[in-house]
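The task is simple: from the sequences and hints, build the whole structure.
Respectively, the protein sequence lines represent chains A and B.
Counting from 1, position 157 in the first sequence corresponds to residue 157 in our numbering; the numbering is continuous, with no gaps.
Counting from 1, position 217 in the second sequence corresponds to residue 217 in our numbering; the numbering is continuous, with no gaps.
It is worth saying that the hints were derived from the structure and are not from the lab.
Cβ coordinates follow ideal geometry from the N, Cα and C atoms, glycine included.
Any given hint could turn out to be false.
Unchecked claim - Below, a list of computed lysine to any residue pairs in the SDA-like style, where the Cα atoms sit at most 20 Å apart:
1) A:K179 - B:R275
2) B:K137 - A:I272
3) B:K137 - A:E180
4) A:K132 - A:V106
Said to hold, decoys possible - With the C-beta cut set under 8 Å, the calculated list includes, among others, these residues of chain B facing chain A:
5) P35
6) G37
7) S58
8) L60
9) P78
10) S79
11) L80
12) V84
13) F86
14) S88
15) A90
16) L135
17) S139
18) Y246
Okay, here's what each chain looks like letter by letter:
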Amino acid sequence: MGASVGLRAGILSLAILLIFGAAWHIAVSSGASSGPAMDPEYAKLMGITATSGKSAMPGPLDILAKLGEHLKRPFYDNGPNDKGLGLQLLYSLGRVGLGYFLAVLVAVPVGFVIGMFPVIYKALDPFIQVLKPVSPLAWMPLALYTIKDSGKSAIFVIFICSLWPMLINTAFGVAAVRKEWINVARTLEVSQWRQALTVILPAAAPTILTGMRISIGIAWLVIVAAEMLVGGTGIGYFVWNEWNNLSIANVIVAILLIGLVGMALDLTLARIQRRVTFPE
Amino acid sequence: MSDEKYISIEGISRQFAAPGGGKTTVFKDLWFSIPRGEFACIIGHSGCGKTTVLNILSGLELPDEGVAIVADKAIEGPSLDRAVIFQSHALLPWRTVLGNVAYAVTSRWPKWGKAKVEEHARAFIEKVGLKGSELKKPSQLSGGMKQRVGIARALSIEPKMLLMDEPFSALDALTRGTLQDEVRRICVETGQTVFMITHDVDEAIYLADKIILMTNGPEALVAEIVENPLPKDRTREGMHKHPHYYAIRNHLIDFLVARAKSFKSEIPADYDPKRPPIVRPVASPQPVPPPNSANGTAAA
Ligand SMILES: Nc1ncnc2c1ncn2[C@@H]1O[C@H](COP(=O)(O)OP(=O)(O)O)[C@@H](O)[C@H]1O
Ligand SMILES: [Mg+2]
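Here you go:
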C-alpha cells in the first residue's frame, strides 16, 4: 500500500535478479560435483578441457570479480590481444559513431528529397525495398574487396545498416507533413529553403528520430558481429578472442557491457526524440 | 487603381481529376468583385468549391481558366498582402503562441530584430485577448484560443486583405459569438477588405456587407449577390429585431434549402454569369407601422 508502482517494480526487479543469481550460483556449484564424469576426449572436443574438477561455467560471483578487475583497469593496452574492456568498447563506439554519422549525413538529406518529390520516391522505392532486407554483413566481402581495409569495411557495414531506417523514416516523415502547415508558410511567402528548415524539418523530426533510434540499435547489434569478422580491436573481437581463450567469464562480462552501452545509446536518442516531439 | 474592383474574379474555372478518370469541373465562368474595405461572405453547400475559390484568391491554387485580380494585378502566387485564416487554425504545434505569430512577423519584415518582432507579435496577441498565454503551446489552448492565435497571426502581418475559410465553424456557440464580435470590430476599425466562407446564415448577416450565393457543384455558379440591408452599426444581439432581418434571413435560407439545387435547372432568361443579379432583400412595407416601436422601422 502507498508504495508507488515504480518502487514496487524496482523491488520486484531486484528480487528477480537475486533469485536468478542464486539459482545460477547453485546450478554452477552443484553441477560440477554431480555431473556424470565426461570422457576426457569428448570434453577436449567440447573445449572444456582445462577445467576438470570444477564446472567450466563461471558463477555469478566469478563474474562480479571479473567485472571488478575490468573496472579497475578499463583502458590498459598490452598489445593486440590484451586490451582493457573500456578501450575495446571505445573502439566499437568509434566505429559505430563514424558509420552512423556518415549515414545521418546521407540519409537525412536524401530522405528529405525523396519525401518532397513523389516521383523520386516512386523511382527509388524498388532499390530501397531490395537493398533494405540484405543483412549488412553480406556487404562485408564486397567492402573488404573494394576498400581493402578491415577497419574501414566495418565502418562501411555500420553505415549501410544505419542508412535504411533513417532514409525511410525521413522520407516518410517529410512526405507526411500536414499540407496546411506548408500552406501557412506559403501564404507567408516563406522561401523553399526556409520552409524546409522551419516547417518540414520540425514537423518530420519525431519520425526522423524514430528512424535514428532504430538505426543506432541495429548498428550496435551489427558492430559485434562485424568485429568478430574483421578482428583486431573492438568489443566484438574481444568476445571472439575470449571465447578462443575459453574465458567464459570475460564473455559474460562483455555481454553485460554490450547490453548496458546499447541501452545508453537508446536512452540518449529517446531523450532527443522526446525533445523534438510535439503534442498536437 | 480601382477601389470598386479591388478584388476581381473574372471568369475563373477549376477542374480536378475525377475519381473514375476524366475530369470534374468544380465551377465554371465565375465572376464577382469586392470593393476595397468591403466584407464579403460566400455561402453554398459543402463541395461547391468555396475553399477552391479562396485558395485561388490566396494564390495557393491557380484557376484553370480566367483570372483573379487584386489591385489590378493577376494573382500568380501567395502574397503577404493577403492573409489567410484557416478553418483548422493551422498553428505550428511545435511553436508557442508567440512563436507562431512571430513566425509570420519575421516573414513579413525579415530585417526586423528579434526584440522588435516580439514586441509587434505581443501587441497582436494582446489585441485578440490572449495576453498571458504567449508562451503556451497550441496543444495547451482551447479551440477558441487557437483560432484567436490564427487571427492574431493573420492580422500581425498587416495585410491588405483577409481570407477566412469557415474560421468559426469548429467553435461552440458562445466562443463563436465573441470571436465574431472581435473580428467585426477589428475589421470595421481598420477598414479591412475581407473574403469569408461560412455555412452560418446569421454569421453572414452579422458580418457581411455582401453575400455571394453559390449553387451546388459540380459546375457551380454564382446564383446572385445579396446586399445586406441591415445598418452598418448592427449588433449581434440587436440585429434580429431589425425589420429587414427576417427578409434577408429567409432569402438566404430559402436559397440554401431550395434554390442552390434548383437554380441551374431554371436559370432565368436574363442570367449573365458576368453580372450575377444583385438582390437587396427588405421587409415588405407594412400597412400600419407600429406607432411606438422601440427601434423605428424608418431607420432602414
Ligand atoms: N485537390 C483536389 N483534388 C481533387 N478534388 C478536389 C481537390 N480539392 C477539391 N476538390 C473537389 O472539389 C470540390 C470542391 O471542393 P471545395 O472547394 O473544398 O468545396 P467547399 O469548400 O465548398 O466545401 C469537391 O468536390 C472536392 O472533392
Ligand atoms: Mg471548404
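Do the hints match the structure? See the list:
| no. | hint | result |
| --- | --- | --- |
| 1 | A:K179 - B:R275 | violated, 35 Å |
| 2 | B:K137 - A:I272 | holds, 19 Å |
| 3 | B:K137 - A:E180 | holds, 18 Å |
| 4 | A:K132 - A:V106 | holds, 15 Å |
| 5 | P35 | violated, 23 Å |
| 6 | G37 | violated, 21 Å |
| 7 | S58 | holds, 6 Å |
| 8 | L60 | holds, 6 Å |
| 9 | P78 | holds, 5 Å |
| 10 | S79 | holds, 7 Å |
| 11 | L80 | holds, 5 Å |
| 12 | V84 | holds, 5 Å |
| 13 | F86 | holds, 6 Å |
| 14 | S88 | holds, 6 Å |
| 15 | A90 | holds, 4 Å |
| 16 | L135 | violated, 15 Å |
| 17 | S139 | holds, 4 Å |
| 18 | Y246 | violated, 38 Å |
In terms of the numbered hints stated before, the structure departs from hints 1, 5, 6, 16, 18, listed from lowest to highest.
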